[in-house]
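K.L.:
Residues per chain, in single letters:
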Amino acid sequence: MSLIVRNLSVDHGAIRAINNLSFIVEKRRLTAVIGANGAGKSTLLRTLSGLIPASEGKASWGDHNLLKGKAEQHVRNGVSHVSEGKSVIPELTVEENLDLGALWRRNKKEADVTKKYVLELFPRLGERLKQRGDTLSGGERQMLAIARALMSKPQLLLLDEPSLGLAPLVIEQIFQTIRDIANSSNLTVLLVEQNAMGALKIADIGVVLNLGNIVAIGPSADLIADPAIRAAYLGY
Amino acid sequence: MEKLISASLIGLSQGAIFALMALALVLVFRSTRVVNFAQAGQAMVSTYIGWEVVTRTENYWIALPIAAIAGAILAAIIETFLMRPLAKRASHGAIAPVASIIASLGVLGVLHSAAAMIWTSEQKLFLSPVSVNGIEIGSTVYPFSQADILIISTVIIVMSTFAFFFQRTSLGLSLRAAAFQPEISRLAGVKVDRVRTIGWALSGAAGAIVGVLVTPGSYLNPFSLDILLVYGFVAAVIGGLESPQGAALGGLILGMSLSFTSIYVSSGLTFIVPFVVLLLILIVKPKGIFGGGSSRNA
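In the order they appear, the protein sequences are chains A and B. Counting with this note's numbering, you get residues 778 to 1013 for the letters of the first sequence. Counting with this note's numbering, you get residues 5 to 302 for the letters of the second sequence.
In case anyone wonders, no lab produced these hints; they're calculated from the structure. Careful, some of the hints might be misleading.
[What the hints assert, rightly or not] Straight-line alpha carbon distances no greater than 25 Å define the calculated DSS-like cross-link-like pairs of lysine-lysine that follow:
#, chain 1, residue 1, chain 2, residue 2
1, A, K885, B, K195
2, B, K92, A, K847
3, A, K892, A, K804
4, A, K804, A, K847
Take these sequences, add in the hints, and give me the full structure.
P.N.:
So, in structure tokens, the structure goes:
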């Protein structure tokens, strides 16, 4: 199973947000998509998770056509999306946020096993199960958002800017956790980030986007070593 | 002392009705952002269906659940075939923010006319299952009847059932999540459209129960429940428009202020009081008593 994106274009009204994008993410790889604001990173993820329609092209995860069907169907096909900006529901408790991710699962015993695994991964959430989402710190909320996505037992995890608005130390922790999840489970991760260096450091593959087009793609170590990429995207 | 007891009990009974009507409005508003003026019409049509059952079977206790189910089905139909397509089609331009309100007024008009065509505008007597005469204790007759006790206890049962459903069941969690954050709920796998229809259906059932509770002892006509829309909205706004607990409290506050003013001051003030309360709340605490809690944004 792999994520295959072919000639994908997405328009926001008259503006082309993504232009003729093609790439493949191999199973169990962690791929980072980097680029400046407005490069089309979030649009890419929102298209893949069924939130917005594509204009042209194809995108599939295994047998599943990602350009067909609603977002709630994609989750059932193993694709979980953590949207930008700590995607938790602040009015619900931590436990309700977690349970929400597994409501659609028929097998409640399996869902309980997943919950145990998720709480081992994020012990801090376990201590705060009965607290409302809006009492958590920014880092904890991001962890809860990822945890909720994991409750759906995804095969493909789409992460939109998990570092957004977090302190440097917390960012490091979140990135490390993402790497750990990718290592320990049968999970393919597509990570979208403005924090290019942090993302490339943990990723296997890097994709550089600019104004909806792919500028560079390759093993992230190669991208980090590339002087042109360093100058334009990594800031030194 | 007798006055105080009477005022409190009547306030409680009226407040219970307002609270349930407010809950019906809140359920629709928080799940689909529709200010549903048709609610009074839906409750009225459901009450007619209850009336049909009562006149045929002479059994109020069968009529109540049947009217509630009819109310739920009617609401689900309105949501599925009118409000949902409308939200998609009229999502841009000047019409977008008011389309659903105007449509709900349209539905109210249709329901009024349809009811008048089916049942005529003539008053129908809806027999009460219990006495509607004031309860006598010793030598005093209180302006408070067995029907009021029926109203209070039914509303308490209905509201507790709703609270249990929302707080303790999976479907309740889906409903709350979809109301707060539809997009995140979708990403978590909640079938938001279906859940919204369920929210409307619950609201329709609540409105139907209101109609079947208040009508006995008085008359039913196509417009007889419209005034409850006003009281229901006032109670809902006092409670913050989004919170079921707020709706309950709002109804109680409104019911109490109405009964105390009419017993201690003048019954002529009953039509002014709700609006004065409404305006005061809007100016002093525009988000309502339960609305707009602060949240941590870090």
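K.L.:
Now tell me, hint by hint, if it's right for this structure.
P.N.:
Each hint tested on the structure:
Pair hint K885 (chain A) plus K195 (chain B) holds up; C-alpha atoms about 18 Å apart against a cutoff of 25 Å. A distance of roughly 15 Å separates the Cα atoms of K92 (chain B) and K847 (chain A); the hinted pair therefore holds under the 25 Å criterion. Between K892 (chain A) and K804 (chain A) the alpha-carbon distance is near 24 Å, which keeps this suggested pair within the 25 Å criterion. Annotation: proposed proximity of K804 (chain A) to K847 (chain A) holds, straight-line Cα distance about 23 Å (limit 25 Å).
The structure agrees with every numbered hint stated previously.
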